[in-house]
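Chains as they are written, first to last, in our numbering: chain A, 5 to 398; chain B, 5 to 271.
If you're looking for bench data, these hints aren't it; they were derived computationally from the structure.
There's no promise every hint is true.
Claimed, not checked - Reference listing, derived: stretches of chain A covered by chain B, where coverage requires no fewer than 3 residues with Cβ under 8 Å from a Cβ of chain B: (1) 45–51; (2) 279–289.
Unchecked claim - Just some of the chain A residues that point at chain B, by a computed CB distance under 8 Å: (3) Pro10; (4) Arg183; (5) Ala187.
Glycine residues also receive a C-beta, built at the ideal position from the N, C-alpha and C atoms.
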Amino acid sequence: MSIQHPPTTQGRFGDYGGRFAPETLMPALLELEAAFNSAWADPGFHAELDALLADYVGRPTPVFRASRLSERHGIDLWFKREDLAHTGAHKVNNTIGQALLAQRMGKPRIIAETGAGQHGVATATACALLGLECVVYMGAKDVERQALNVYRMQLMGAEVVSVEKGAATLKDAVSEAMRDWVATVENTHYIIGSVVGPHPFPLIVRELQKVIGEELQRQLDGSAGKPKPDVIVACVGGGSNSMGIFHPYRGSGVDLVGVEAAGHGIASGAHGASLVAGSPGVLHGSRTYMLQDEQGQVVEAHSISAGLDYPGVGPEHSLYRDEGLARYVAITDDDALAALKVMSATEGIIPALESAHGLAWILANAAELKGKTVVLNLSGRGDKDVQQIAKFGG
Amino acid sequence: MADRFRQLFAEASAANRAVLLPYMTAGLPGPDTSLDMFKAMAAAGADGFEVGIPYSDPLMDGPTIHEAGLRAIAAGATVDSSLQLVEAIVAATAKPVVVMTYVNPILAIGVETFCERVARAGGSGLIVADLPAEESDEIAAACRAERIDLVLFVAPTTDDKRLAQVVARQPMFVYAVAELGVTGKRDRASSYAASVTRRIKAATDVPVVLGVGISNPAAAAAAAEVADGVIVGSALVRRVLDAANPKDAAAELSAAVAELATAMRRD
């Protein structure tokens, strides 16, 4: 399968990306790149992956027209139902693919980081399916606010390691997973959960997630009374669901909108909006927009949703931002929470808090969007968040 | 300034000994007492220093150096204060200093400005833990312009082809990673120190310094048998973190460094 818009051989998307990793990991990154290129060119690999995506994950996921919200706001609003994928989020598209890759490389042990727990659950799932050992690093704060997902991972045989360092959230979980990998690289593959990290991870995760956008192209193709999207909206933490749905539409004229977490508000400094309010630097192995102070120390992010609580973003999004290939906006905790309630009560779908950021932007910009066909990537379901929403007085 | 390490390695080699380069985080235990730690180590037999600029997210470092960095940052350490400390160390001890950091603080200040400041502070070179050879051209060029040198890494996982690419770049020394894993104390002897050093020595005359996981006199002695230099970090940093006060910390460091230096004598 040919790769559209590949990075350079040094893993650069424009000025972004690269491989800023300790030497110990470099041979593994090169091995992974070679293994991915060989697998991706192998029809046998795709046949195996596609069969699992169809029969195990339940792809293609449906596209659903949100009629009541459409009528209320005068928008032709659709949801790409990644929440209906097995395990309840788009994360599984990536983990199944990377677990197959690990198997192909002969690495019996898998590590992963997780924020909301969705990537951890999806990794534990793929490991259970393929019989791989699985260790998931999770910030202590997230272990507490996503207790249900911790138990799901354990049920599937994964070991969950609580990370107490730093802010004890996703950033620290990524760092700790990388430290594990430095020590175990000979028998371990790191299934990173988003389009972040050193090359080739941003490429691999994008290629595994672009199935979302490719399905949408077939599902809303302008034929048989079906519209074509004018606007595609997706939340951006690390940026894998958004890159997955944006990539096939790159340069197509469709308005691509990435919604970051404004947390308590951009001005408060407590947010996760790397693209809207950050600056270029190097975080977790790649050059990208990130939250940092003038000394280059990484600044802690904040978001009500664990999946957006991250001070960096995938390097290709940085290119998209600079080149205007997509536009990036931010939505506060309060607006996301309100949108979650709207979707639940109006469409009977409880979205993940992450995905609710996308709907909140649509609702806030309904006037601008009037008459347009808008697709929200409903990247995950909200069951994991219900306990926390209740705590916030929902 | 890079010449100072060349001279140090040449002298040590002539005396048939390996050099001891303690690592210490700048700004520990506090801004006003950090220099005392280096003075104590210099008096106890350190040949030079690796001075760590505290960083919030040190991927190559284990819990001890991570904790040290966060503590120093909380106590007010910055890149500027760390480089001022380097200047003071060079002035007070006359020992050569290599500055250790990560890519992001260098980019935040600007590659050229950062290297210029290291040189002005009297630093001899730069160790950047998340900078593999492939990404090193820009920083290496800025170092050359300031007559300081970049140190590059060879790990147990580095194959001979990569090793050749690393040494072809003529680093000030090769930082040979003695363990699979991040920095930090190990209870057992290094499994890779001898083999990785032998492979590098077969490929180059550039000095080889072993580091990562060398945490006691026995391990330092074994490393000194094969390499041109030895870096001991976390085991020393831990003593400063755990000391009741700066005076105790300096005394602990003095004793530990003296013990390491004695153990490293080849006789």
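Outcome of the hint check:
1. For a cut-off of 8 Å, the count of residues in the stretch 45–51 of chain A with a CB near a CB of chain B stands at 0, and the three-residue condition is violated.
2. With 6 residues having a Cβ less than 8 Å from any Cβ of chain B, the stretch 279–289 of chain A passes the three-residue criterion, so the hint holds.
3. Among the interface hints, the one on A:Pro10 is violated; its C-beta lies about 17 Å from the nearest C-beta in chain B, farther than the 8 Å criterion.
4. Against a cut-off of 8 Å between C-beta atoms, the interface hint on A:Arg183 holds, since the closest Cβ of chain B lies about 5 Å away.
5. The beta carbon of A:Ala187 comes within 3 Å of a beta carbon in chain B, closer than 8 Å, and the hint placing it at the interface holds.
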